[in-house]
Amino acid sequence: MECTPSAVSLREFGCEQNLLSRPDGSASFTQGDTSVLAAVYGPAEVKVSKEIYDRATLEVIIQPKVGLASVKERAQEQCVRESCEASLLMSLHPRSSLTLVLQELHNDGSLLSCFLNAGCMAMMDAGLPMSCLFCGVTCAIHTDGSIITDPTAAQEAESRALMTFAVGNKERQVMMTSTKGSFSVQEMQQCIAISQAASEKIFSFYRESLRRRYSKSV
Amino acid sequence: MLSRLKAKVGSVLLPGDEFCLDTTAKADTISLAGPSKADKVVCGPGLRRSGDRLLAYKSGLLRHKEPNMFWLDAQHKRYVPAKGETVIGIVTAKSGDVFKVDVGGSEQASLSYLAFEGATKRNRPNVQVGDLLFAQLIVANKDMEAELVCVDSAGRANGMGVFGAGGFLFRVSLALARRLLAPNSDLRAELEQLFPCEMVVGMNGRLWVKSSSVRRTLVLANLLESCENMTPAQRRQIFSRLAQGAF
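Chains as they are written, first to last, in the working numbering: chain A, 1 to 218; chain B, 1 to 247.
No lab work stands behind these hints, which were simulated from the structure alone.
Note that the structure is a prediction, hence the values are computed from the model and not measured.
We treat Cβ as the ideally placed atom computed from N, Cα and C, and that holds for glycine.
Be careful, since some hints might not be right.
As the list claims (entries may be wrong) - Computed from the model, here is a short list of chain A residues facing chain B with C-beta under 10 Å: (1) Pro23; (2) Tyr41; (3) Glu45; (4) Ser91; (5) Leu128; (6) Pro129; (7) Met130; (8) Tyr214.
To be verified - With a straight-line Cα cutoff of 35 Å, these simulated DSBU-like cross-link-like pairs (lysine-lysine) come out: (9) A:Lys201 - B:Lys83; (10) B:Lys94 - A:Lys47; (11) B:Lys6 - B:Lys100; (12) B:Lys83 - B:Lys100; (13) A:Lys72 - A:Lys170; (14) A:Lys47 - B:Lys6.
Put together the whole structure using the sequences plus the hints.
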């Protein structure tokens with residue numbers, strides 16, 4: 001299976017930064033029909049019970065579209081938090097709090113990777129110090145063995161395994177993995193290679209959207 | 001590496017972009033005078049050294065000032081206290097000999113009651129909770145609580161201290177505050193042509209304006225808040241319309 005960036009097909013994505021007035025940074029990210037809104041507050045005051053003496057305290061809050069957050073959202077929060085903690089320079093703001101709030105606007109598959117992408121763009125917009133960027137890519141393995149990147153909700157329902165990777169922009173390292181279903185080691189390695197190829201497209205999209213944003217400034 | 005950095009001046013850098021500091025070995029020319037001097041680069045906000053590399057940790061435009069100063073010009077809203085900056089603070093508490101002042105950072109800054117012009121232990125300054133202060137940060141790093149003073153190194157107030165009767169305080173982005181404070185700011189020149197006003201600019205993104213009437217003050221406040229998103233041409237158009245439409 002080819003692993004060049006051009007061979008990997010992702011749905012059309014779009015992003016808007018700095019759209020909310022109250023948070024320090026905000027971004028909305030859409031992948032096909034899946035849409036997420038992210039807001040970042042920080043570095044701000046932290047409760048004494050939660051403060052860490054040499055690093056910032058990162059809190060991730062995920063809100064589903066309907067209903068209250070449940071165990072599933074807590075698991076997704078944990079995944080997003082691991083990726084963020086690996087890329088943020090937390091030691092530059094000790095005894096401060098960084099809060100990332102993610103609101104699901106519409107879920108048509110690949111929700112966790114959309115959360116990761118929106119979170120990264122919002123943190124860049126807020127100016128939080130980061131040592132590298134990260135992006136999320138989801139792969140679904142169909143029952144006949146074919147691998148689909150950025151699946152829709154219908155494709156996810158038919159798949160036998162679903163994997164989400166957070167890939168960093170320094171040597172395309174894998175920062176976080178979240179998997180569901182049964183698959184072989186070879187299939188996982190193939191998915192990792194495909195995700196790393198797909199991340200090139202996403203990172204060049206980040207660069208292009210930032211270049212456009214700064215091209216309008218005086 | 002200096003030449004590689006200079007080549008990127010004016011382009012957008014993303015977090016994770018690195019420049020290698022190693023200048024030895026791979027030179028094209030053979031220098032007969034001996035080993036070449038290592039480049040010295042002064043990193044401003046947005047750039048830091050990590051190991052043997054120079055890392056960009058924010059997103060922004062790379063700017064350069066001769067001979068070797070580089071920094072990232074970014075558009076952010078959240079203020080992080082830095083030493084030497086003049087900010088507008090709001091007094092939130094008086095505890096013993098110290099005022100607690102909110103400057104917009106992650107914690108409150110402290111201001112000693114002796115740090116005012118002409119203040120002694122018997123002659124305390126007249127500062128109440130809720131007052132606006134224009135002060136300078138003398139201690140501001142990530143490990144210690146920020147400290148402010150309202151007096152310069154010679155003991156004179158120099159424009160700092162309590163102010164605020166009759167004006168209006170509002171928040172703008174840090175980039176707009178820096179633009180207003182720049183030496184040859186055309187934004188400030190255009191504002192001066194509009195109508196007479198008093199303005200205090202804090203580098204923490206807080207702006208205070210006062211004009212001859214409440215209406216004019218509000219017009220100025222709205223104008224400055226919307227200046228961030230306008231191109232210079234649009235701005236000049238609005239300013240000229242205001243100058244004619246006489247408020």
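Quick rundown of the hints versus the structure:
1. Pro23: With Cβ-Cβ at 8 Å, under 10 Å, it holds.
2. Tyr41: holds, 8 Å
3. Glu45: Interface hint status for Glu45 (chain A): holds (6 Å vs cutoff 10 Å).
4. Ser91: At about 8 Å, which falls below the 10 Å cut-off, the nearest Cβ of chain B leaves the hint on Ser91 (chain A) intact, so it holds.
5. Leu128: holds, 8 Å
6. Pro129: holds, 4 Å
7. Met130: Holds: closest Cβ of chain B sits about 4 Å from Met130 (chain A), inside 10 Å.
8. Tyr214: holds, 5 Å
9. A:Lys201 - B:Lys83: violated, 40 Å
10. B:Lys94 - A:Lys47: holds, 21 Å
11. B:Lys6 - B:Lys100: Outside the cut-off at roughly 43 Å; violated.
12. B:Lys83 - B:Lys100: At roughly 17 Å apart (the allowed maximum being 35 Å), Lys100 (chain B) and Lys83 (chain B) satisfy the hint.
13. A:Lys72 - A:Lys170: It holds: about 30 Å lies between the C-alpha atoms, which stays within 35 Å.
14. A:Lys47 - B:Lys6: violated, 44 Å
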